[in-house]
Amino acid sequence: MSDNQSVKEALNKKGAYGKDLDLDHYEMAQDSDRIDDLQSSEFAKEMENVGVVADEQNRSGTIVMINNSVSHCSAKKQEGLEFMSTREALEKYDGLKDYYWKILDPAKDKYTAKGYLEESDGYFVRVKSGYHIKTPVQTCMLMNSNRTIQNVHNIVIVEDGASLEMITGCSTSHHADDALHVGVSEIYVGDNANLTFSMIHSWGKQTGVRPRTACLVGKNSNYTNNYVLLNPVGSLQSFPVATLAENASATYNTMCIAHENSDIDTGGMVNLNGKGARAEIMSRSISMGGNMCARGRMVGNAPQVKGHLECRSIVLKDGGSTVAIPELEVHVADVELTHEAAVGKIARDQIEYLMSRGLDEDQAVSMIVKGFLSGSINGLPPALQKELDSAIEQANLGD
Amino acid sequence: MTEMLKIVDLHAEAGEREILKGVNLTVNEGETCVLFGPNGSGKSTLLATIMGYSTVKVTSGSIVYKGTDITDMTVDQRAKLGIGMMMQRPPNIFGVKLGDLIKTAASESAESVLADADKFKMKNFLDREINVGFSGGEIKRSELLQLTAQKPEFILLDEPESGVDLENIDLIGNKVHDLLYDKKGCGRDIQRHVSSLVITHTGQILDYIGADCAYVMKEGRIRCSGRPMDLLKEIKENGYGECGACQIINL
Ligand SMILES: Nc1ncnc2c1ncn2[C@@H]1O[C@H](COP(=O)(O)OP(=O)(O)OP(=O)(O)O)[C@@H](O)[C@H]1O
Ligand SMILES: [Mg+2]
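Chains A and B, in that order, are what the protein sequence lines are.
5 is the number of the first residue of the first sequence in this note's numbering; add one for each residue after it.
2 is the number of the first residue of the second sequence in this note's numbering; add one for each residue after it.
Since the hints were derived computationally from the structure, they do not count as laboratory data.
Some hints here could point you the wrong way.
[Stated by the list, open to error] The following label-pair restraints were derived from C-beta to C-beta distances:
1) B:Val59 - A:His29: 30 to 40 Å
2) A:Glu264 - B:Asp70: 36 to 46 Å
3) A:Lys96 - B:Glu112: 55 to 65 Å
4) A:Ala346 - B:Asn125: 28 to 38 Å
Cβ coordinates follow ideal geometry from the N, Cα and C atoms, glycine included.
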């Protein structure tokens, strides 16, 4: 692990991908007020738009972070599940030695370095061995202060034989358009365990977003990562890395719309390190004139691993750029990794078929695009499907 | 009689090749006309041209629908004027559910059409992506269900019965009948209220809908016209080889 000096030096280290953001452009945000009651919170609507609901009836718990402090942590309790702020957990569990900065290197780039040096708060969620948490735990990261950085450090642990669904919404309030979100997440899935991690994000037109996520997946376990971004964003770059043990599986589903002036670089990597591990990386995106780069990288390090990577993009408007970068790398013979990429316009005959039923061209295009997007995520928690459908419905695809 | 559709000296290209080489054809209001012709003669291309699909490019001539020149109209403008089509090979529409298209396309009550899906044996298909993995017969039934929702005044049918098994041919035939005939009065009324142009090789569909006139197309031109049953008999006996030389020419 890096020492303090090398982390400080890393503050000047650009990220491997994506546009370089100037950290000095931002200040550290002030701590914000506590929210006692989500229902009456001024942010209730914004949270709901990203799948975080005030009514916790169908949720196992809620943590809300505004700028750099945890503003709400619901009073819900259930056996086998704990959630609290990362700082509380560090105090309670003696620095979380097995989990804190264990699978991510603070000196990786300037964003991790910043998070490390600021000792960011965030959420800590743990499911004890053998417990199945029925309804999702939801977390929400809000930014409401312009030209500031939100630093987050999250830790999620699903112990052996346990299962969990997480819904993470992120949102920027309109007067905080020009802010930067740096989110470090370390995710640990034990053996024979399940984690579904779903994110619906809604940022501002100038917002910078730099999540840094690593996940360790134990034997026979499943990890699903769903990422949805339908609104404009300034610059987003994300490349979560999952490392799989024997017979473990990982699925990444990504759905993005690159609006004009949005710069998006997403995707992820899976290390298939255990025999028989499986991975699927699926990306569907629409370019409305922005920049969209969909990456996927799979590395086969063990026999009998299988993986499939799929990037599909529909380009609706000129300008901007759409790039699909699938990468497959293997180090043993007995593996099966495949990829498929398609970038371009919607086939004319499909549009005209719908037009022959009386839809005008815009209606036809939007129906196909919405279908293309909504068909892309399998295994979304039912609780989120409704939010997603309405987000797609409201997504601005017109000209 | 009022002309529903009038095609005059129509030339059209597909894939940089002239396929239609001066087509003349008229369908009167309330009439059902049949279009016969050997494989590759340009029948489907003609229907695509009438619907306005951009795979075909009109180079000269005109298509007039109810007195309006529609030659340069977009597909949806034509649909809104009341033209509907059952394609021979419709494209797969990934991600779009059949039921959702029907809801959007329905001219009146989508609910009643959806409730009737059962009668088309299509109930289990409403949640499926349009045409994706549909069998030949399923595609026909799906097209008919969509047309039933749409309620066009002029219908282009491209081989509605081809590939349909003997059991389902009744269903298809009856549903096409329902599209063309008014259902007022007791049972089946004779009053036809919708016009159509139907492509068929076997003529089976004619047992359900009757037909008033027929054209034979060959190598991108209409070679003759006449009474449907006369032409069908001639084609069955002598094939298309004699076309242009036989006695029925009646253009
Ligand atoms: N887009 C295209 N590019 C090249 N050739 C085309 C294209 N569309 C049609 N054709 C050709 O035009 C000719 C007429 O095709 P069309 O589908 O209209 O025939 P058809 O009369 O409907 O035949 P069938 O009875 O087999 O359905 C064929 O030779 C076909 O290959
Ligand atoms: Mg044909």
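Query raised in the report: Looking at the structure, which of the earlier hints fail to hold?
Result: Violated hint: only 1; rest satisfied.
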